[in-house]
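Visitor: Since the structure of chain A is provided, determine the placement of chain B on it from the hints.
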Amino acid sequence: GEDVEQSLFLSVREGDSSVINCTYTDSSSTYLYWYKQEPGAGLQLLTYIFSNMDMKQDQRLTVLLNKKDKHLSLRIADTQTGDSAIYFCAETPGGSYIPTFGRGTSLIVHP
Amino acid sequence: KAGVTQTPRYLIKTRGQQVTLSCSPISGHRSVSWYQQTPGQGLQFLFEYFSETQRNKGNFPGRFSGRQFSNSRSEMNVSTLELGDSALYLCASSGDRLETQYFGPGTRLLVL
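Those protein sequence lines, which keep their order, are chains A and B. Note that my numbering gives residue 54 to position 54 of the first sequence, counting from 1, and the numbers run on in steps of one. Note that my numbering gives residue 22 to position 22 of the second sequence, counting from 1, and the numbers run on in steps of one.
With the rest of the complex left out, here is chain A:
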């Protein structure tokens, strides 16, 4: 199976919170990332968390890490139409800085 798994789609109403989930298999992962990709653009690093952390908050973004279950989530508060994009979860295995990416979750925000 894939090393990093994400659901393919998420649809939310503008103003609601979005929660994008990710699971990974490598227990030696050191860093876990969330990237955003808008149509026709490259990847934008949104935030990342070191594996010894449980949570990281950055303005509207909250990252939660459950290392025991190898589960990572990204919560976007007050989701706006401009948040519509593909969100990629990624992890780097121990000893490497080369990330392994999930397939991405398409977030659709409707009015």
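The hints are all genuine.
Simulated crosslink set (DSS-like; lysine-lysine; CA at most 30 Å straight-line):
(1) A:K67 - B:K57
(2) B:K57 - A:K36
(3) A:K67 - A:K56
(4) A:K36 - A:K67
Derived from the structure by calculation, the hints contain no laboratory data.
Guide: This is chain B only, laid out in the frame that chain A set:
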């Protein structure tokens, strides 16, 4: 600081041809990585260069090669193009904090 730039942005080639893509990293960044993004395979790591040396390599055939110059600019080359090489090729650079990569907008390659 200017971001990562990639040229050209779009490219159309025919099977059997070769192509060279260019990436200019953020000023001061010495690590440059290349990725291939396709709908079928997602984002796959090609290779990483650091100070003109290939430091990491993904699972791609030898038709895919790269190099890095003394100013950290990098090029990747694909020879004998196949239809399946049609993809978005992304370049990313890292500075002292190797755990953070900054991506360029990509080069979209279409092989006919």
